[in-house]
Structure formats: C-alpha cells, structure tokens
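In the order they appear, the protein sequences are chains R and Z. Per our numbering, the first sequence starts with residue 1, numbered consecutively. Per our numbering, the second sequence starts with residue 1, numbered consecutively.
What follows is a list of derived Cβ distance ranges for each label pair: (1) Z:Leu41 - R:Leu12: 39 to 45 Å; (2) R:Ser823 - Z:Glu203: 35 to 41 Å; (3) R:Ser823 - Z:Pro22: 52 to 58 Å; (4) Z:Thr29 - R:Ala398: 42 to 48 Å.
Which residues of chain Z face chain R? A few of them, derived with a C-beta cut under 7 Å, are: (5) Gly72; (6) Asp78; (7) Ala101; (8) Phe110; (9) Gln116; (10) Leu118; (11) Leu121; (12) Pro130; (13) Leu133.
The set of hints was computed from the structure by calculation and includes no laboratory data. None of these values were measured; they are calculated from a predicted model. In this text, a Cβ means the ideal position worked out from N, Cα and C, and glycines have one as well.
Here's the letter readout for the chains.
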Amino acid sequence: MNLILRFVRRELRSTEARILVLALALAVASVGAVAMFADRVKVAFANQANVLLGADAMISGDRPLPEAFTQQALAMGLKVTHSTRFGSMVSAPAKDGGAAKDSALSDVKAVSSPYPLRGEIEVHGANGERVPLKANVNAGEVFVDERLATRLGIKAGDTIEVGKLTPRVAQVFAEEPEIAGNFMSASPKVLMANADVAASELLGPGSRATYRLQVAGDRAQEFADTIKAKLGPGQRLETVRELRPEVRSTLEKSEQFLGLAASFAVFLAVVAIVLALRRYLKRELDTATLFRTLGAGQRQTLMHFVGQFFVLALIACALGVAIAFAAQAGLAFAVRGLFASTLPPAGWMPLVKAFATGLVLLLGFAIPPLVALSSTPPVRALRRDMPTASGGGALAVALGGAAVLSVVMMQSQDLKTGAIFVGGIVALVGAATLLAVALLWLIRRFVRSGKLAMLGGARSWAYGLANLDRRRLSTALQIACLGLGVMTLITVGFVRTDLFSAWQKSIPADAPNRFLINIQSEQVDALRKLLPTTQGTKPAAFYPMVRGRLIAVNDKTVSAKDYSSEQAKRLIDREFNLSASSTLPPGNKILSGEYFSATEQGVMSLEDGIAKTLNLNVGDRMTFDVAGDKVEVKVTSLRKVDWDSFKVNFFALVPEATLAPLPKSYITAVHLPAGDNKTLPTVVAAAPNVLVIDVSEIMTRVRSIVDQVASALEFVFAFTLAAGLLTLYTAVIATQDERRYDTALIRTLGGTRSQIRSALIAEFSALGGAAGLLGVLGALALTWVLATRVLKIEFSASPTVWIVGFAAATGLTLLAGWLGTRSVLTTPPIQVLREGA
Amino acid sequence: MTPVIPDTATIKVSSQPSSNAPPAIQADTLSRVVPLGERQLTILDNVSLTVAEGETLAIVGASGSGKTTLLGLLAGLDRPNHGSVAWHGETVSSLSEDALAKRRQGAIGFVFQSFQLLPALTALENVMLPLELAGANDAQTRAQDWLNRVGLGERVDHLPKQLSGGEQQRVAIARAFVASPSIVFADEPTGNLDTDTGAEVVELMFTLNREQGTTLVLVTHDLELASRCHRMVRLARGKVI
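This is chain Z alone, in the form it adopts within the complex:
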C-alpha cells in the first residue's frame, strides 16, 4: 500500500504519524537518565512517538534539549532507562547488543554531522563498508553505482581528506543508502557545511529518500531543513512539546 504523505505546506508539529501507513518506528515512554556526580540528570523524559513507513520526521530543539539522545535511542545505538523502541512492529530495545546490531545491518542507514568516514579508506571503500559487513558479494558494483548517483563517480579512489566537506557528506549519504535500508537516521547532516553546500546535500538526501521510499528521521536545529519534512517533533528539556 502506497503511504499517503501530506504536502510539506501542511507540516505539523506532532508525535503522531502524518499518514496511516504502518509504523516504521514506535517509541513508547522513552526515558534516558545519566549520572552526573551524585545526582541523576534526566536527558529524555517520557517521550513517545510513532513514525510511519515512508514518512520524514525532523526532531528539533535547542542545544541540550535531548534531540541527539532521542535519535540514538530510536536508532538502537543507545538503550533507554525506561520505555521501548520498535522497528516495523518488532521491539528492538530489549534485544541483546549483538542481536540489535544484526537488526541494524542493512536495515538502518546513518548520516552524521561529522561524516564519520574512515580516513584510510577511499570514497568507494567507505561506501562498500556496510555491504562488506553484511557479507554482500556485489559490494563494489553497488557502491560504485551509488557514488555515481551522488555525483562522485569520478572520485571513487579519493581519500576523505582529498574531498571537500560537501563531497564527504555525499559519500556518507551514499553509504547510508547503499544497503537499501528501510530507515535512515541523520544527525545534523548540514551542521558542518556552509549554507549552499548544505542545501545541495539536503536536496540530495531528500531526493534519494523519496526514490527509495525510505523512512527518514533527522535531527536539526535548522527550522528550514525541518520544514522539508512531513512532520516535526519539538523537544525542550527532554520533553516533547
């Protein structure tokens, strides 16, 4: 069933999905507390939200509001002190570390603010990495294909330090999509880029997301970027407002 996606003009602030498609991500009463000296610091407090398949969601908020912590919990990179996270109906927050890693393999893609490319690997090798870890045989062909799609077909043998910031983020986007994930998480994807480059990267990410029918969850403090999503969740002091 093709999900019904509302027009960007009708963007709404809500923790409920903007379509009736089945949920890709369900977070239920998530809390994250960290010890700070003798006392406990609550970073996330009782957050619940649902993201429908194919939906794009922006998590916005000021610095220290808990955006990145929420992204980490939704992506299964971190564990909540309370509450649960489910992907496509399967609760993943209670899985063992290795089982969770296995679920992420090929199913979840990431785009980071600091790109997180391995400096000793060429652009092609960086993109091949998720496929190699999953044991795919056609890693090189698929990675080459994705680098062509992000416009870096001629730069496959370049090391990250030989690429500009925007080019590095495009490599990271190719890496996020290469394994055909169902969900892509992006943490401040334009945070390290100038406005023009940032806009190009965002355009690329949304185009690919649309083409692939991926669910996209991104964290940003840039409301213009957030406005390109179907929906946004606003956080303040660890709570959805």
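So here's chain R without its partners, still in its complex pose:
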C-alpha cells in the first residue's frame, strides 16, 4: 500500500497522470454540478408549481385525517393548516323582509389560520387590479368569491346563511391560490373558519366532504415521501402534477432538458476519460515492463496498478466533487435573481452519485487494459518494438459499456434509457470511426491525385495530410472522438437555442387564458358575438359538455374500491366530462385504433393517460350514468393530447349525435389581453350562470418556469462546454508525442520551420475539418431524434448553429493542436529525440 501511495505521489508529476485526473475530476464535477443544480432547480420549480396547490404538499381524505400526520409534519418543522371542503347551499337573507331567498350551491372550504400556506388570496383593487389580501378568515366570518357575490347580490358587510350559521361576509375575493383542483367545478367558492364547521351542522354522519392537511416548508417533500407509505384507504397525497396536466407536462419537459444536459456531460466525460486513459496507459507500459523485469510477478504488478488507479480515482473524484459543489453554488448565486424564491438547499445525493460515477467510469475502463498491462512480457525491456497485449479487447468494451450503463442508470434510474444511451454511444463510435476511415480514404486519394500540388505545390501540406493517413487507426479514432465531442457540443447548443425556443413557442402568446363553462345552448350564439375572435378571424369555438359518472366497464359494475390507484378511485368517484367532436381536434394524436366518423354511434375516443389509469383499451365498453340515463359507448381509439397548448381538451370524446339527446352545457376558451376589463362584465351580465375560470395565473407560472429553465440551461451549457473543450484537447494531444518526435526528425533531416508549420496546419485543419463535418452530421441526426422522439417538439434546423459548429470545431482543433506541438519548433530536435517517441 505504501508503494502504491508513493507511486501515486510520483505519478502525479507527469502530464499524462495530471490530464487523466483532470479529465476525471471535470467529469465528476460536471456530472455533480449539473445534477445538483438541476435538482435544486427542479425542487424550486416544483415549489413554484405548488403555489397552485396553496401549499408544498397536501393530503386529502374522505374522513378526518389522523392527528399523527399533523404531529409528524410539526415534528419536521413544517407549517401546517387544515381545511375541509364540501358542497353546500348558501343563501342570502330574504330581501325586504320577503320570504324568497336567493340560494346557490357553493364550494365551501372551511380553513384554519394561516391560510393559504403558499400564494395569496387576491381581491380586486379600486382600479380593477388584483391585490393580495392580508387577512385570515375568523370565526363568525366568511370570504365569498365575486361570482357568489354577484349571484346573491351581496357585498362585504352583509350576512349570509351557511347551514345553521349566519356569518358576516368579511371579504369578496377574486381568486384564491388553490386553483390546481378540478376547475371544471362550476360552483362559486366560500371560505369559512374551520372552528365554525361544527356549529353550522353541515357535516353530519355520511356527509360528502374532503378533509385536508396542507403543509409547507423545506422538508415538505420528505414529509410527503414519508406519509405516502402510511396512507390509509380513502387518503391520498395530492400533487400539482396529478391535478394539472399542463403543469405536469411543463415540469417533465424542464426535467428532460436539464437531464439531457447532465447526460451529455457524462458522455463528454466518457470520451475525455477514455482518451486520457489511453495516453496514460501507453506510458505505464514502460513502468509495467520495468516492474516485471525487476522481479514483480503478474499478480503483484496487477494489484499495484489497480491500487494506483483506485487512489488516483479517489483523488480525482474528491477534487471533482469539491469543484462540483463550488460550481453549483456559483451557478445558484449567479441565477439568484431569476427565481421567485431562494433556491432550496442542495442535497448530497447528486455528489455521492457523481463520486461513484467517477470511480465506476475510471475503473470500468481501466481494469481490462490494466490486466493486459500486468502481463507485459519482461523481455520488452530489451525489445521495445515487441507486440504488447492489447487494451483488453472485448472485455474492455464489455466492462466499459457496463460502466457507462450503470452511470447512465444512476442518472436516469431507468434501464431502458440507459441501454438506449449506451447503445447510442456504441453505434455513434462505430459510425464515427467508419466515417473517419472514409474521410481518410478521401484525403489519401486527394493527396495522391496531385491536385494539392496544383493548388500551389504545397509539398509540406501533402506531407501533413499523409501523416494523418500514416497513423490511420489512431487518426480515425481521434477524428471519431473529436467528432463526438463536437457533436455533443453542437447538440447542447442546439438544444439550448432551437429546440428550446420551439418548446417556448408551443405555448403561444395568444393561448386562451379564460375558460367559460356552464354555458347553456341558447346562450351560445349571443356569447359568440360578445367574445373576441381567436387568431384574429375565427369566432370562439364552443364545445358541448355532458357530465356523467362511469358505472360499468364491459357490463361489469365498477366502484372506487375496484381500483388500487388513488387517481383511478378519484376518477370513478367524480363525474367525467364527455364532449363531442366529429373530427380529431388539433393537437391530438391517435395512438391506437381509429378516430370515429361523424355517423358512428355508441363509440368513444379516450385520452391515453386516463385509459392507462383505468386499465382500458380499444374495444372496451364503458357505461355512463348521465342524469339518470344510461349511455353505453365502445372505446374505438386512444389519443395523446397536447396539454401544453392550453386549449380546451377533453379526456373523453364521442360523436355529436351521441350527446344530442342528453342535457348538456357548453365550454369555450378565449384569450383576453391584460387590461381587458370590459369583456367579462359584459359576458357575465348577458349570461349570469356562466362561470369564468381564469387560467392566466397557471400560464404565468408555466411561462416563468420555461424562462427559468432557459437561464438554467445557459449555465449548465457553460459547464458542458468546459467538459467538451477538455475532451477536444485530450483528443488532439492523443497523438502529440508521435507528432513531436516525427517533427523533430524532419527538422534533423533539414525541414525548415515554415515547412513544418505548414504541415502541422494542414494536418490539424484536416483533422478539425473532418471532426467538424462528423460532428455536424451526428448532431443533425441526434437533434432530430431528440426533437421528434424524446421531447416531441417540432424539429427545425437552423444553419447558423451548423456553420458556427463546423467552423469552431476546425478552428479549435487547429488551435489546440498548434498549441500542443508548436514548442517542437523552438526546442532543439536532439532533446525531443532523446526523450523518445
């Protein structure tokens, strides 16, 4: 062990060992920093999205929740609030002493203070603007929303009847933060104090109510994870993701973008490590030979080298983790202004993973060549030209592949993604090497054709190009590695710009921000005239909507207890919104089956996600109870719905004729520009029963998440760029020693500096050009796959990225190559020759 440590100390004096440690440290650092930063950003996004929930986490139950949940939350230092939500008739006292009372079925929420834990209740100010309300609901008071106030003709200071109580209306509010719930719920909202519930006598045995515990604080996620396992029947953990598909989709895409950046960092790291390792091992061959000559057995040699590599890996990983921590802290500091709240503290898991990544990568790639190294025949000390054992052959590939697979799995925690990634790398390396060989062949033909001579008789250029051909295999590998590095950088650049803006554009600026529901058939025409047109010309579209409860599947009666998933139970408990469309709505895509024709009857197209939740497939029959009538339909297609569009989307669609005899209302969505204070009052005056739902807050949240991902990506990109540049550098210097030796030899034989300079420029330009071409082609293919298969957004190839990528690859290779070898022009040739090839 002492010898190993002494050797590590000695080895670290060499450039090769330092580059290897640096490559590994940078790999660990980029993986760690990206993962850690992405984690923090993801948690921040989730927190922001949770504002829509009014808390960081929420547990709901059909019965009062156990006190133990609250105790646990308090023990974890979380802020806690309880609420009870139920439907009830609310009445205004009879006016003018008459007997007739105005009543409305309302969505009553009894809350305890403080409420809400996240976000704010908002009221309209004097000028129509929204201002946050800083007040709690006290016992004997209620807050009512503007719809109820309009409906019942009441204002602040009036009293209303809620069960046996007659509380005073303390506030009329515009919106409360918990808008993530089912916004199709048509009832106006009432907030009352939890302490008044018993006295109201509204909740007797058997009453339908939802009891909630909302929590907020740093350890909310931990609390949610802990509680998940303790949930009993009828209890569920609510998250924004489950409640709002648009938010879920945005969060998932954000995570995909950040995850992609982290995967690229891993990929670049692998290339850099393999290249640095190759150069280092070449040097270690002499050490191994000497060890064997001086009497070290194969086993002793192997143990020594494995030990040495392990210690080197530990040093590199520790260094990498330290850089990662500092870098992500720097990133977080740099982007502090971009996030609404401070970023949550970093977890240690990404660093542990990054550390493990470094160890697994280095040892995975190093052990097979080390085994080969330890069997170096001692006679090589006498004959340097002796063939030596290769880098471990198939074993090296297998173990290296397994190392990358395990690392990618650590990142994605998914075998399939890992396998695709590793398969992709293997295919890319193979394709890149083939392409590099083909390019070399073209260069060879070009040099031999004499056309170069005609271009000014540059003999030294011909020599430089011939040099590439002479080291055919290592050049091909070098072009492949450089090309892959360039490909990754261009792809990340592309993801950052084009793919990302394609995603941003998928939420159009004029996306609908108000939904109008509960519109009666006879009001449709009048409202169509009042509402602004969409896209400048088209009148707003109105969709019929029928509410029905799912009562049987394939003639078998179903109830919530037939399903184990909470989401499925909820779907069965609530009413489905069925709508009709004779054609497949825009933004929808058929995944299986065929969309029905307008003339068909008794058929349905279901959203893919809901079908999975309810375990339904094409061919299954569903029976709904719509206001006492039974409606039976057969599922004929499954659809994917583009939730990002913010358009009116439905889980279940049937032909128009199916809905014709059923009692229905209509829904529409419009975009009202900020400052439009006229349209809605006119609509409400014309159709007081219509419920207007404002989703602008959700959209603002989603847009802000998208913008923040953009900023985060900028920083992550900078890190990937650093890893990429190191990869390029290691690839360029991979053949530097040979090149230095050859150049010194040419100088000895009378080559002038300008001839050598031309030869080197020719060589590195060709190398960079070939790598650039390969990188651009690879990046085109990769981004196409990413856009169409992974992120599912429109692919558009902007020529700027490709041209800049190609030029930068050529230029950087030329620069790195030149910097690495120019010293040979000033060093006496004898010194280089003495140091050996």
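Given the coordinates of chain R, work out where chain Z should sit on it, guided by the hints.
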C-alpha cells in the same frame, strides 16, 4: 572459495567458463524460433554456455546475430523454445512466470541501452524501485548510498530528463547493483552514449562489479568493451562460433 579470474590479456573466445568457480549461469542447447508470416525464423540455434560465478562475459556479434535474444533468455526475461537455463544450479526456464519473477527479485540486475528509467520518478526513486518491489525497509538509505557511489549524490532529486545520458546510465547502474544481485545483465550499456561518457560508464560498471563480486553478462558489438571481460562469446546467425 575465491574464484580464479584470468588476466584480461588472456581473453579467450569460448562458451566454457574461464575459471573453475561454480557456475552462475548454465545454458543448455537454447533455441529460439519466432513465426515470420508463414515460416519460422530461427533466431538462436542450439546455444550452450556456462558462466562461472564472478566471471565477466561479453556476448558479441553483428546486428541480428541473436545477442540480445540470448541475453533475454539467460536473464529469464524470455523463454526458449528448446533447451534450459539454470542460475546457480537451479533450472529457471521451466518455472512459472511469477516464480521466475520472484527469483529475479533482488538476485538479478539490469543495465539497458535506453536506460529504462521511469520519467516521473527522481534519480533516488528510480534506484529505490527494486528494493521497494522486494519490500525492503531501508530502500531510501541504500539508494542514496548507491547514488553517492556512482557520483550522483547531489542529484538525487533530479528527474531523468534533467540528467545527461551518461548520468542517466549511472543511475541505471546504481539501480542494477542496489539490491546486491549475484548476476548483472547489461544490454549495449554504452550504445546511447558518446565515446568518452561510454568509457566512464564502463569503468564504473566494471569497478562496481569487481567490488561486489557480481557475475556480469553484457551484450555489445564494441570489441574494445568486450575485451575488458574475462571471456567473450561470439554469435553469428544465432549460433556460437
């Protein structure tokens, strides 16, 4: 028993020892054949020789005559296709790779034409290496002592690239002798050095060899260097002539 070594003036060309001391190395009908495309190339053909303890032997011959191959076989760095090699009466050519390596540890020293110093190690660390591999506790003191003996006591912390060719070969000589081996093999020890430096290095090597009573086998094409040995073996086309 002190071996009886003949005077250098009476150098003879022979495969038999020049003294009656017990044999340090015995090679019996050694052959080495390597595949060359479809045919076999015989590099060494039926070579037998004995080197007595304390004797100095030069293997001479033209380029490609098989000198270095013979040295590799005698030193146990390579294996013969036929025949055997024994050190101090023990046949080593049939030992396993690891057992053979164990026998070499501390018992055999090497001086190479290209010095074979590890570039990242200082002069002192290079000399310490054989002792460290053998697990010696006093590696540093002994290595320092040997560097003093070869005249590089002031250069212990220098890396090979900071030393001249002659100095590098002196470090290599110190490394060859530091573990007190019974046999030292040298492959063209002056091949990479100019005449004057080469002469100094040879002087040093022979002086140390005499002081240590080591058996020295060296390969050279330099007859002047060969003439400093008790005896020489001449090879041509893989055969002793």
